[in-house]
Amino acid sequence: MENDIVEQARASNMEEDKARATNIVKKLNDEMLHMSSEQNSSEKRISPCCIYRVPQPLRNVNWKVYAPLLISIGPLHRGNKILEAMEKEKLKYLKKLTERDGMDEEKMRDIVISIRKEEERLRYCYSEKLKKTESSDDFVEMILLDAVFIIQFFLESNDDTDGPKNFGPRMTFDIREDLMLLENQLPLFIIQEIYDRVYPRSHQPFLDLATCYWRKYSFLKRVETSSGVEGSSPWHFTDLLRDLMLSGATEPIYYIFNPPMLKYSAVMLRKAGVRFQVSQNKCLVKIKFDNGVLEIPCLEIDHCFERLVRNIMALEQCCYPSDAHICSYIKFMDHLIDSAEDVRLLVGKGIIVHTLGDDAAVSNMINSLCENIGDNYTCFDYTCFGDISGKLNDHHASLFNRAMATLLLVYFPNFWRGTATLAAALLLILTFIQTLSSLKLFG
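Counting with my numbering, you get residues 1208 to 1650 for the letters of the sequence shown.
Where hints are given, some of them may not hold.
Calculated cross-link-like contacts (lysine to any residue; reagent style SDA-like; alpha-carbon spacing at most 25 Å) [stated by the list, open to error]:
id, residue 1, residue 2
1, Lys1299, Asp1345
2, Lys1299, Glu1363
3, Lys1299, Phe1374
Here are the computed distance ranges between Cβ atoms for each label pair [to be verified]:
id, residue 1, residue 2, range
4, Glu1294, Glu1363, 15 to 21 Å
5, Asp1345, Asp1497, 56 to 62 Å
6, Arg1404, Ser1343, 18 to 24 Å
Don't read these hints as lab results, they were simulated from the structure.
Yeah, the Cβ is synthetic: ideal placement off N, Cα and C, and Gly gets one too.
Please build the complete structure, drawing on both the sequences and the hints.
Dropping the structure here:
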């Protein structure tokens, strides 16, 4: 009797285990089916994904450089209570637009319809699925308000006389900083479409207007572009700023696989006879090393530089893993700069111009930019600086180069030291000759 009870209990447990196993398998099958459906949907995208949440490892280094401070653009930071005050300013700009001559209710309706037609394409531009609870009407309204704000703000900012009428210098600066963040973007194609409908007779394309605006960054003033970046079709403002930083390239940028990394800092290379010279090329990544001369384009660094570069590097990690020109450039500069002394050398040659007030601050910032962007990332398996790094390493490895550099740096650093060295050498030679003559006389 007791054995029967045990057997029944054992059979019951087996049935229960089977039922649980069946449920687990069914759940996993459903999840895999859902994943396949999402993958197929992703493959059928009508627009490339180009606006991302910054990867968590990068955000952990300095989250503040990725988060908007004043205004939310697009859906990723929509609803943030800290940014709600600017929603009224967006409405003010829309009201101002509707009061323009020729802007009637029918024209506004046409603009809304044009946005609705592009809704699916717009949603696909974002890396994460937008909440299903967000209605189509709310999404279209957000796009309209944000695009109109950007257009009007740019037009007022490019006005040489007044600038933005609703904001003081501090707010204008903060808005500009927020508009270049990777997570705070609208696709440029929809802003262009709305701009063309609002200003159909405008002689200036929106991309020109945007380029004009962003060139106010100090290190972009050197970029000589009147119509955006030739041949580029940027997805959004972060991408446009990347194009501007790379503009001025006169030759293709070549990459090599598994490149050598630069082993020596600027000061160490100088001690091996490498001469540093500022290049006239306006493209940051066009660095050359020939006949012992390392030519590097001028890099202007201000207090806005870190925020912009970190967002562009995050964009490259997500969108340009095999063409991460800015990441590769920063990695090269990170190897070249180890201390304030390295920065001081590059500042003295005109290669770095900065307003941070302290060379050590520049060194610390450059060294921190590549944190959590390791060599395991694809963008560092392919770099356009591998060939230069290899040549610099070989130059430093030469005992002759180091000996000649020591001779020049220690004994001929300037005219007076060189003259004194030659005089001492001449005196030593004359003394030696006199000694020989004396020995002969006594011999």
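Taking each numbered hint in turn, which are not upheld by the structure, reported in ascending numerical order? none
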